[in-house]
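Going down the list, the sequences are from chains F and R.
Residues 0 to 398 (numbering that gives the first Met the number 0) are what the first sequence spells out, left to right.
Residues 0 to 398 (numbering that gives the first Met the number 0) are what the second sequence spells out, left to right.
Think of the hints as simulated: they come from the structure by calculation, not from any bench.
A quick note: this is a predicted structure, and the numbers were derived from the prediction, not measured.
Careful: at least some of the hints might be erroneous.
A pair holds if it fits inside one copy or across any two, identical chains being indistinguishable in the list.
[As the list claims (entries may be wrong)] Below, computed lysine-lysine pairings styled on BS3-like, alpha-carbon distance capped at 25 Å:
| hint | residue 1 | residue 2 |
| --- | --- | --- |
| 1 | 22 | 119 |
| 2 | 22 | 303 |
| 3 | 49 | 213 |
| 4 | 372 | 119 |
| 5 | 31 | 234 |
| 6 | 47 | 324 |
| 7 | 267 | 213 |
| 8 | 31 | 49 |
| 9 | 347 | 31 |
There are 2 protein chains.
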Amino acid sequence: MVSANFSIFIIFGLSIISYILTKQMIPLFINKFLSANISGIDVHKASKPKLPESFGVVTGCIFLVTCFIFLPILYSPGSISVENFPHNEFVEMVASLLSICCMLLLGFIDDIFDLRWRHKLFFPTLASLPLLIVYHININSTTVLIPRQLRHIFGVSVDLGILYYIYMGMLAVFCTNAINIYAGVNGLEVGQSVIIALSVFVFNIIEYYGSARKSHVLSLYFILPFLGVSSSLLKYNWFPARVFVGDTYCYFAGMLFAVIAILGHFSKTMLLFFIPQVFNFIYSLPQLLHFIPCPRHRFPLLTKSGVLEPSYVEFSLNEISLIGKICFGILQKFHLIKVYRKDNIKVKCNNLTLLNITLVIFGSMHEEMLTTKLLMLQIICTGIAFTIRYPLASLFYDV
Amino acid sequence: MVSANFSIFIIFGLSIISYILTKQMIPLFINKFLSANISGIDVHKASKPKLPESFGVVTGCIFLVTCFIFLPILYSPGSISVENFPHNEFVEMVASLLSICCMLLLGFIDDIFDLRWRHKLFFPTLASLPLLIVYHININSTTVLIPRQLRHIFGVSVDLGILYYIYMGMLAVFCTNAINIYAGVNGLEVGQSVIIALSVFVFNIIEYYGSARKSHVLSLYFILPFLGVSSSLLKYNWFPARVFVGDTYCYFAGMLFAVIAILGHFSKTMLLFFIPQVFNFIYSLPQLLHFIPCPRHRFPLLTKSGVLEPSYVEFSLNEISLIGKICFGILQKFHLIKVYRKDNIKVKCNNLTLLNITLVIFGSMHEEMLTTKLLMLQIICTGIAFTIRYPLASLFYDV
Numbered sequence: 000m001v002s003a004n005f006s007i008f009i010i011f012g013l014s015i016i017s018y019i020l021t022k023q024m025i026p027l028f029i030n031k032f033l034s035a036n037i038s039g040i041d042v043h044k045a046s047k048p049k050l051p052e053s054f055g056v057v058t059g060c061i062f063l064v065t066c067f068i069f070l071p072i073l074y075s076p077g078s079i080s081v082e083n084f085p086h087n088e089f090v091e092m093v094a095s096l097l098s099i100c101c102m103l104l105l106g107f108i109d110d111i112f113d114l115r116w117r118h119k120l121f122f123p124t125l126a127s128l129p130l131l132i133v134y135h136i137n138i139n140s141t142t143v144l145i146p147r148q149l150r151h152i153f154g155v156s157v158d159l160g161i162l163y164y165i166y167m168g169m170l171a172v173f174c175t176n177a178i179n180i181y182a183g184v185n186g187l188e189v190g191q192s193v194i195i196a197l198s199v200f201v202f203n204i205i206e207y208y209g210s211a212r213k214s215h216v217l218s219l220y221f222i223l224p225f226l227g228v229s230s231s232l233l234k235y236n237w238f239p240a241r242v243f244v245g246d247t248y249c250y251f252a253g254m255l256f257a258v259i260a261i262l263g264h265f266s267k268t269m270l271l272f273f274i275p276q277v278f279n280f281i282y283s284l285p286q287l288l289h290f291i292p293c294p295r296h297r298f299p300l301l302t303k304s305g306v307l308e309p310s311y312v313e314f315s316l317n318e319i320s321l322i323g324k325i326c327f328g329i330l331q332k333f334h335l336i337k338v339y340r341k342d343n344i345k346v347k348c349n350n351l352t353l354l355n356i357t358l359v360i361f362g363s364m365h366e367e368m369l370t371t372k373l374l375m376l377q378i379i380c381t382g383i384a385f386t387i388r389y390p391l392a393s394l395f396y397d398v
Numbered sequence: 000m001v002s003a004n005f006s007i008f009i010i011f012g013l014s015i016i017s018y019i020l021t022k023q024m025i026p027l028f029i030n031k032f033l034s035a036n037i038s039g040i041d042v043h044k045a046s047k048p049k050l051p052e053s054f055g056v057v058t059g060c061i062f063l064v065t066c067f068i069f070l071p072i073l074y075s076p077g078s079i080s081v082e083n084f085p086h087n088e089f090v091e092m093v094a095s096l097l098s099i100c101c102m103l104l105l106g107f108i109d110d111i112f113d114l115r116w117r118h119k120l121f122f123p124t125l126a127s128l129p130l131l132i133v134y135h136i137n138i139n140s141t142t143v144l145i146p147r148q149l150r151h152i153f154g155v156s157v158d159l160g161i162l163y164y165i166y167m168g169m170l171a172v173f174c175t176n177a178i179n180i181y182a183g184v185n186g187l188e189v190g191q192s193v194i195i196a197l198s199v200f201v202f203n204i205i206e207y208y209g210s211a212r213k214s215h216v217l218s219l220y221f222i223l224p225f226l227g228v229s230s231s232l233l234k235y236n237w238f239p240a241r242v243f244v245g246d247t248y249c250y251f252a253g254m255l256f257a258v259i260a261i262l263g264h265f266s267k268t269m270l271l272f273f274i275p276q277v278f279n280f281i282y283s284l285p286q287l288l289h290f291i292p293c294p295r296h297r298f299p300l301l302t303k304s305g306v307l308e309p310s311y312v313e314f315s316l317n318e319i320s321l322i323g324k325i326c327f328g329i330l331q332k333f334h335l336i337k338v339y340r341k342d343n344i345k346v347k348c349n350n351l352t353l354l355n356i357t358l359v360i361f362g363s364m365h366e367e368m369l370t371t372k373l374l375m376l377q378i379i380c381t382g383i384a385f386t387i388r389y390p391l392a393s394l395f396y397d398v
């Protein structure tokens, strides 16, 4: 088998090729997508242009092709004997690719048919099952370390058993959907994914000389080609976008991160890189669960002067349930929503997304500025994540 | 681990569920497909109805879901310890599902965007690479037995080495495309696949008590749910079709057979079950390679009386190359084409497909009758295959 250093060098080279290939393939497919009517309207432009949708499928396929070419190089018969074959590592790679490929397929189907929510939750869970079996046979650690401050209650560690597998299955569902619902302006889906991937990349490099080197090398095998295809896609999706990436890309990116987190056994660190997504998800919950009325689209709105302003939802306080009232009260108390009261009963508040609350806090702004601000936030959160992961972790754990 | 008998019982049960699920899901998706404009015209009906296309994607997804549910049952932690885990078998299943899932994705993309031929050849080859690595590490037999009559030249067996891997990669490309080009009348794509699957099923059962039991059990794990979803789909695709299955189904079915043949190490037997497809492929070659002019569609034509007649291609003998003339001459000598001569140079002959030559031989007939006749031929070929595989094999090999 080729050495880890050398194999990373190879996948780095293949990733550069995948970057170039993506850059050249996307323009070739734009007309194909438009004539197949796989397209959407860019609502944040005055001319409302029709853009080709679902370009995640092009990047995803180039990602798969890169991995398929990398596999026989990594496990070439010339450099590795059948007796010494690293079965564990190989099955991890194949099961990961299977989960990712399934999500690409599901995402593309979702873009075309607009699946129901239950399918979006059900299918990623199933697609992560082969991966969980691999986790069971290769790693099978379901023990969670308890922070020092709580050890007098729970002990040093707790074995979560089957609950840990349920947690990992939910992680796959969370990652795929969290990126998807934190979208709506040009460049944001791909931009956030590239920053998360870069964060994972830095984390892998830091941990490369640590005890769990193997899982970080595996992570690099996926992160590098992902960065290759995604940074190419970002150029076309950045303001003013020439293509949309679709649910396909969000599911693809989300499952990739979930796979890496599960097999790399660093799901907590991964969730730290997902802070904006976690916030956006929790913040959206009152609307997603219909405690507070949820319109079909919650995107910001384009004003006549060409900037974006938050979108609002209007409702009567007596039409929402008690839980809805409690959510509304809490959000208002912590100044997390902007509320306009028409009278004692009718209210109007911003739709509960990170996009809208950013526009509430910083005021209306240009689309490109909004994307840039949110990506800056993502970078700041990566900084926070590393601070929690390294200096602060010693307050809670014996590092 | 659960016993082979018991696990076959479980997958049999799951396959029945997948049959029922497919039967109930297809009607739910018909309108979704039509409104997403994933549809095609049924040219062999007088009213030219628009039917939803690509239903292979529904059956393929249900097949994947069935397998994903089966995996944790088969390898449940309750019945199998981590130490005794059958890594080889598990990686075979996961790599097979990866290849199949990739082909589903490719097929669906092809249905929507009409890919070029080079993509159709390139992508299945790549998607079979993980499988070939699994073959290398688990089986790694590249030796072919030589028939007795030729042993004085080649010896008892020949080690094909890398050529054997190239052969297997080509098998994947062949199977996916052979089913696809042997299509064009209601029920034929699914019907041929169901008969091939049933033939494989019978072969697996015969060999179940043989020396290679493991690979035949693995084959049953895939063939049973495939039969479940396909026989359900056949009801909707049979004359008069309510849905089309698309390239998606052909690629899915083709890769499934290739996977089973490769890992089951019975590619020669599989090719015997593909006799009509092999004939159709070779017969089509002069047109596919443009030695003889090839129109965009080669389907039979609907006459005013409601029966199908062969479609023809017209050309001048002096516009085709020397190879074209040789092909034409050979086909004519063996009465494999019907030729109308307009003068010494201009000719008209039937398009080179099994569908058209059947209509030439038996005369024009109703669409349902044509499908039935061709499926009868498929069954007869299965009989021939078993005759060659069992009684006749002893003439050539020491059985």
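Query raised in the report: Can you list which hints this structure breaks, lowest number first?
Result: 2, 3, 4, 6, 9
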